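These protein sequences, in sequence, are chains C and F.
Just so you know, we're using the working numbering here: the first sequence kicks off at 1 and counts up by one.
Just so you know, we're using the working numbering here: the second sequence kicks off at 1 and counts up by one.
Do not rely on the hints blindly, as some may be mistaken.
Claimed, not checked - Once the Cα atoms are required to be at most 20 Å apart in a straight line, the calculated EDC-like pairs of lysine to aspartate or glutamate come out as:
1) C:K164 - F:D194
2) C:K64 - C:D75
3) C:K164 - F:D195
4) C:K89 - F:D317
5) C:K114 - F:D262
6) C:K89 - F:D195
7) F:K437 - C:D167
8) F:K330 - C:D72
9) F:K283 - C:E153
10) C:K89 - C:D172
11) F:K275 - F:D317
12) F:K330 - C:D88
13) F:K44 - F:D76
Don't read these hints as lab results, they were simulated from the structure.
Bear in mind the structure is a predicted one, so any value in this text is a computation, not a measurement.
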Amino acid sequence: MQFSAITKALLIAVPALVLTACGATSDSSEGKSQTTNTEAEQAQTEGLDTQTGVVEVETLEVAKTPEELQQDAFDALRQQQTIYFDYDKSTVDSEFVALLEAHADYLTKNPAAKVMIEGHCDERGTPEYNIALGERRAKAIVQYLQSLGVSAEQMTTVSYGEEKPVDLSRTDAGFSKNRRAVLVY
Amino acid sequence: MNRLGLVFLSVICLVWSKPSLAKLEIVITEGVNTARPIAIVPFKYNGTAKLPFNFSEIVAADLMRSGKFSPIKVEDMPQLPNTDGDVDYSSWVSSGVEAILVGTIEDENLDRFTVKFELIDVLRGQITGGTVQALKNGRLVETKDHIMFERKVIIATSQFRYYGHRISDIVYEQLTGERGAFLTKVAYITIAYDDVYPYKLVVADYDGANEIELVKSPEPLMSPSWSPDGKKLAYVTFENSRSQVYIQDIYTGKRELLTSYDGINGAPKWSPDGKSLALVLSKDGNPELYLLQLSNKRLTRLTNNRAIDTEPSWSPDGQFVIFSSERGGKAQLYSVDLATKRVKRLTFDGDMNLGGSLTPDGKHLVMVNRTRGNYHIAKTELESGNFQVLTKTRLDESPSIAPNGSMIIYSTMHGSGQVLALVSIDGRFKARLPASKGQVKSPAWSPFLN
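Whenever a hint applies, use it, and build me the whole structure from the sequences.
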């Protein structure tokens, strides 16, 4: 199945994050490096002071199911809304597959949700040709999301061509940031 | 409610006829040495009312900008004559000028000025000494055939700039045999990302004077195209998170929504007869060319191809539409015969050709050529197939040809900003029009306005 690769990655990555978090908590409870603590940790420490100070209470993380872990991963990935394209190309690069799967997951589970997909280009070529190229990029995303089960009714497209660059440097690095599709909810 | 909100938004984001202080200056980058020397002598003023400026400044600037003439400095003139009778021909020989424009301005009454001017052929004047006898109706009479043109008019203060360009038109046509394009305007888009309304549709005289912001919008504005009578502009907006084609009367500000289909509504181009627009819609799946009849809003589809078809422009006779298409792989220019719908490929040079348009005589195809990754303005002579790259600036796009076919205005990069630039149709004269603020792009040269 298409999700299996990410699921596997998450089964490793998420518990690792939980472990690091636990490590931080135990550091602060021992009173080390108080000045570098985060605000959340400070709040926790103050909470302890108002108590008798004799007993410390720790909790265990409830182990998440693979489904929950995947959902967490999707939620995180869905914060990313930009897909970049190669020069003069409108094909979806494999590195954005997971990102699009996360958006597809949300859209299929929330059929009332709507998304607008903006197509953008770099500043090379004429403005009018870039409008056509930007639309082709937006449509490539629509087709990809449709193949993942998203209804066509949930998606609209708009091509801004080269009119809304995010990087104005006109360097190769700038151009590659401007060749993009953006999912806007 | 939502729709009402959108309508309201589109109303508040439009501000008409607000003059701006910005002005397009000119920096000539190539071609001064090929221009013909000419003397525009300051007109002599007899009067007390304050003159807005002397015509000679406007005329000299116009002729210099045409790329064909190099007006000599006032301090290099051997004398400052005001009429043909004042001219000492022998003193002008060494100056190398071929013609002298002389004139006078007289203060009449209440904002009325009498303007007299003469355009004098220096070489002819030198040969004849200012007068020559010729047979007319069987009698020998004195003629002044070295005076190429003379005129006397009465104008108001408000007409000075207009009349200055009018004199330039006359001088240019007398000396080149080609109509002058000094009484024209240019529409363009300016972008200042920090502004509340970053995108502006601006119209100015061809020399950058009288700049007026016609539309201001928080969202992109694109592709201005002039009606053939010079009174309206068609353009593309994104103010409602979608592309829409509007036409707007530049004098009344009246705005009409033409198309708002799903997908692309873009690249409008007014037909030479003013009755229809060619434009691009992707409502049927991918970008295709359509004709929109303005009287009844009827659409006729012109192309039908799975590849991108865009950037229509009209042949001067209105029988063909030139366009860019990826039907052969990379984008190239094609034409479609409106009567037969037959499509013909026009360009074969370089990796890619875009944004094609024909010169007013129909003989040259001007385009944006991409060769080895560089975008430049180029032209092909249709009959011979001779191909010539005209510019060497960076990221050149949006060429628009002056109505007399002498010059192309286009957008290009200078430093880190987008500016407008000029190149003569033969590629010899090149100039830049530095922007005072922000980016300037998508220039569209108006038709003749006189």
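These are the hints, each one checked on the structure:
1. For the given pair, K164 of chain C sits about 13 Å from D194 of chain F by alpha-carbon distance, which is consistent with the 20 Å threshold.
2. Proximity of K64 of chain C to D75 of chain C is assessed by CA-CA distance (about 15 Å); at most 20 Å being required, the pair is judged to hold.
3. This hinted pair checks out: K164 of chain C and D195 of chain F have alpha carbons roughly 14 Å apart, not beyond 20 Å.
4. As the CA atoms of K89 of chain C and D317 of chain F are separated by approximately 37 Å, the hinted pair breaks the 20 Å bound.
5. Taken as a hint, the K114 of chain C and D262 of chain F pair is honoured in the structure, with Cα atoms around 16 Å apart against an allowance of 20 Å.
6. In summary, the hint linking K89 of chain C to D195 of chain F is not supported, as the alpha carbons are separated by about 32 Å, beyond the 20 Å threshold.
7. As the CA atoms of K437 of chain F and D167 of chain C are separated by approximately 18 Å, the hinted pair is consistent with the 20 Å bound.
8. Restraint check for K330 of chain F and D72 of chain C: not satisfied, since their Cα atoms lie roughly 43 Å apart, outside the 20 Å limit.
9. Between K283 of chain F and E153 of chain C the CA atoms are separated by roughly 15 Å; this keeps the pair inside 20 Å, and the hint holds.
10. Pair hint K89 of chain C plus D172 of chain C holds up; C-alpha atoms about 15 Å apart against a cutoff of 20 Å.
11. Restraint check: the Cα-Cα separation between K275 of chain F and D317 of chain F comes to about 13 Å, which is no more than 20 Å; the hinted pair holds.
12. Under the criterion of a C-alpha separation no larger than 20 Å, the hint pairing K330 of chain F with D88 of chain C is consistent with the structure, at around 10 Å.
13. Straight-line distance between C-alpha atoms of K44 of chain F and D76 of chain F comes to about 18 Å, which keeps the hinted pair within the 20 Å bound.
Violated hints, listed in ascending order, are 4, 6, 8; each of the other numbered hints is respected by the structure.
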